[in-house]
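Sequence order for the protein chains is A and B. Residue 1 is where the first sequence starts when you use my numbering, and the numbers rise one by one after that. Residue 1001 is where the second sequence starts when you use my numbering, and the numbers rise one by one after that.
Keep in mind the hints are simulated off the structure, nothing from the lab. Even for Gly, the Cβ is constructed at its ideal location relative to N, Cα and C. Some clues are possibly wrong.
One-sided and incomplete, this derived list gives chain A residues near chain B with beta-carbon spacing under 7 Å [stated by the list, open to error]:
hint: 1; residue: G104
hint: 2; residue: A165
hint: 3; residue: E167
hint: 4; residue: D184
hint: 5; residue: S425
Cut-off 30 Å, straight-line C-alpha distance, at most; resulting in silico cross-link-like pairs (DSSO-like, lysine-lysine) [as the list claims (entries may be wrong)]:
hint: 6; chain 1: B; residue 1: K1120; chain 2: A; residue 2: K164
hint: 7; chain 1: A; residue 1: K137; chain 2: A; residue 2: K263
hint: 8; chain 1: B; residue 1: K1131; chain 2: A; residue 2: K164
hint: 9; chain 1: B; residue 1: K1205; chain 2: A; residue 2: K146
hint: 10; chain 1: B; residue 1: K1054; chain 2: A; residue 2: K132
hint: 11; chain 1: B; residue 1: K1131; chain 2: A; residue 2: K166
hint: 12; chain 1: A; residue 1: K139; chain 2: B; residue 2: K1054
hint: 13; chain 1: B; residue 1: K1120; chain 2: A; residue 2: K48
hint: 14; chain 1: A; residue 1: K146; chain 2: B; residue 2: K1054
hint: 15; chain 1: A; residue 1: K157; chain 2: B; residue 2: K1156
hint: 16; chain 1: B; residue 1: K1141; chain 2: A; residue 2: K166
hint: 17; chain 1: A; residue 1: K97; chain 2: A; residue 2: K365
hint: 18; chain 1: B; residue 1: K1205; chain 2: A; residue 2: K139
hint: 19; chain 1: A; residue 1: K173; chain 2: A; residue 2: K97
hint: 20; chain 1: B; residue 1: K1131; chain 2: B; residue 2: K1143
hint: 21; chain 1: B; residue 1: K1133; chain 2: A; residue 2: K164
hint: 22; chain 1: A; residue 1: K112; chain 2: B; residue 2: K1054
hint: 23; chain 1: A; residue 1: K407; chain 2: B; residue 2: K1141
hint: 24; chain 1: B; residue 1: K1205; chain 2: A; residue 2: K138
hint: 25; chain 1: A; residue 1: K132; chain 2: A; residue 2: K166
hint: 26; chain 1: B; residue 1: K1204; chain 2: A; residue 2: K173
hint: 27; chain 1: B; residue 1: K1054; chain 2: A; residue 2: K166
hint: 28; chain 1: B; residue 1: K1054; chain 2: A; residue 2: K193
hint: 29; chain 1: B; residue 1: K1131; chain 2: A; residue 2: K48
hint: 30; chain 1: B; residue 1: K1120; chain 2: B; residue 2: K1155
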Amino acid sequence: MNMKKSLVAIPLSLSLLIPTAGAVSAHGHGGSHSGNHAAAGSLEVSNKAVDLRAALDALLSEHAYLAVVTMQKGIDGSGDFDAAAGALNQNTEDLSKAVASVYGEEGGAAFKEIWSSHIGYFVDYVKATGAKDEEGKKKAMAELDKYRVEQAAFLDKATESRLKAKELEEGLKVHVNQLVWAFDNYVAGDFEKTYDSVRESVHHMYGVGKGLSWAITDQFPQNFDNKSVDTPAADLRADLNHLLSEHAALAILAMQKGADGAKDFDAAAGALSENTDDLSAAIASVYGEEGGAAFKEIWSSHIGYFVDYVKAAGANDEEGKKKAIAELDEYRVEQAKFLETATEGRLKAADLEAGLKMHVDELLKAFDSYVAKDYATTYPTVREAYAHMFEVGKGLSTAIVDQHPDKFAGQMPGDMPKTGMGGMSEQNSSKEIVMGSIIALALAGLLSALIIRRKSMN
Amino acid sequence: MKKSMIAAAAFLLLAGCTADGNKPEERKESVQKVESGEAAASSPTALTPPDQLKEESLGILPVSIEIPAIGVDAPVENVGELENGQMGVPENIDGVGWFEPGTKPGDRGNAVMAGHVDSKTGPAVFYKLDKLKPGDEVILKDKSDTVRTFVVTGKKSFPRKKAPVEDIFGFSYQSNLNLITCTGEFNRKARTHEERLVVYTELKK
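The following block holds chain A by itself, in its conformation from the complex (with noise of 0.2 Å):
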């Protein structure tokens, strides 16, 4: 949690996934050209300004999952609803921290009270929906169509325009439908499209964590050393982040639905198993079709084992607690060896397996708690558990765009285009040299009438 309060003021130095993640740096100024490179800097993985995206990118995607779950436990009227809503309050002190670090104390409390209120209009709504309040939800409803001009106006002003009140607003107003949506849907029992929303709605939050954090850098870029947010290095940072984190995320809500014996149960491993997909997608697309289906046997063992701990605790069988953690021990030695494996040593076994360990750990401890109604443990954890899969997004990055660096050239060129070639400048000229010469002749012309008349009149 510490990363989080700090990000933006102090960017992380420490990896806890990659002691050697600076490594990248040196190559900073790769790219196939030499000169004034204006992408200099695009190999570079981990920086001030890839840094700031990076925790935005946390923060405001946490956001999303933590509402759509408070939402969900809020109309259920479960014993964690207030760990959850204590969870999603936490995020909003951290993002108005980071807000702060930025615009200063006065910019973190007004951009804290107008976020705040985006979430108090979603309880509401909740709220309402409980009562079957149709009024109610037409006004929460309403209030957050004032909430989305309120911020809109503080960020175009805060960024001096280079977020834009008018496509803000259509942001936050698909933020706001994929909430409720996701919400509504929920409540009518319709599943499948409660977790497809859920995911959409983690999924938009980065293209505001891109947004935000390119404005910044833009406004203030002599602290972040000039750096760039808007590099292929740094997207595939971001895809990274999103899709572990978006994995454990998931994970814990499925195995506390699994618990529940809830009948979205199935909709929310569903969507883990996207997510799977997804990610075994973006290892194919590094390391080919084989590579991206080895990672997806592996990977999706490891939910396997996960669901046995479910299961097992469900049906109180210690020993099938012991046996899916000692299968889980197994995974993580495979899953490890797979991955320095893939990255040809970039990424150690031992740092891989320790940063394993975290990962299964923190949802282990997030599930006890959970069936141990020890709620002021649980969502710590499960705030705690999103964050590390940043530093495995990290490290991840980092190793790939080392591997593969051609990968990852600058999208920009280093200079502009010649776009012309003088035929009309050239006529220009020639005109001007034929009007310099009627002049002249002109010139002489008059200079001969002149001496003509003086001679004549001599």
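Dock chain B against the given chain A, drawing on the hints supplied.
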């Protein structure tokens, strides 16, 4: 890499729920607390989805460009980066080059197109680019005639070595299209014009 990953993610987000063989059976002893549990247990209510449920990508692969205000109606060809680092230019003197490694016109960011101001013998496609005024329209089409219209917001000339390349080609939260041609004196020695003109446009929504 980036494109394929995003494409894969976007595609899979749309895909339906995949079956997972490894699911625990629902445990019947647990309490179903969903208030609307009964409604859920019957048939799911079909809700009407709101219109803005997703941010659609508006990017297109342009094949033609029209700028009615200056009589341009030209084919678009993809260009990249030359060995010397310069943005490439269209082979067709009357064509316009889109910087294909960059942003797609319509997507968030700055899409860039370049056209010649003149050939060796006379005017070329962007000869009158400097005559564009704020409000003038630039119309792009892709091969299936999907249209994206951009509106001129301003223009600026830069010394050829001092153009802010990162601003012209970099990211933006808006969907912009920047048109480039040459302007200023033709430097015979360097065989190029001394300045580059950038006409800024933004997507009309």
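Does the structure keep B/K1131 and A/K166 at a Cα separation of 30 Å or less?
-> With Cα atoms ~29 Å apart, B/K1131 and A/K166 stay inside 30 Å; holds.
Hint consistency between A/K139 and B/K1054 [alpha-carbon to alpha-carbon, up to 30 Å] = 23 Å, holds
Once the shortest beta carbon distance from A/G104 to chain B is found, is it less than 7 Å?
-> 22 Å, violated
Agreement of A/K97 and A/K365 with the hint, judged by alpha carbon distance not exceeding 30 Å = Roughly 28 Å separates the two Cα atoms, so the pair holds.
Given the hint that B/K1120 pairs with A/K48, does the C-alpha gap stay at or below 30 Å?
-> 47 Å, violated
Is the straight-line distance between the alpha-carbon of B/K1131 and that of B/K1143 30 Å or less?
-> 28 Å, holds
With a cut-off of 30 Å on the C-alpha distance, tell me whether B/K1120 and B/K1155 pass.
-> Given pair B/K1120, B/K1155 holds - Cα atoms ~25 Å apart, limit 30 Å.
Can the restraint linking B/K1054 and A/K193 be considered satisfied, given a maximum Cα separation of 30 Å?
-> 13 Å, holds
Please work out if B/K1054 and A/K132 have their alpha carbons no farther apart than 30 Å.
-> 27 Å, holds
Does the alpha-carbon distance linking B/K1205 and A/K146 stay inside the 30 Å limit?
-> 22 Å, holds
Does A/A165 meet its interface restraint, that is, does its C-beta lie within less than 7 Å of any C-beta in chain B?
-> Cβ of A/A165 sits 11 Å from chain B, so the hint is violated.
Within 30 Å, alpha carbon to alpha carbon, are B/K1131 and A/K164?
-> This hinted pair holds, its Cα atoms lying about 27 Å apart.
Hint violations for this structure: numbers 1, 2, 6, 13, 25, 29, all remaining hints satisfied.
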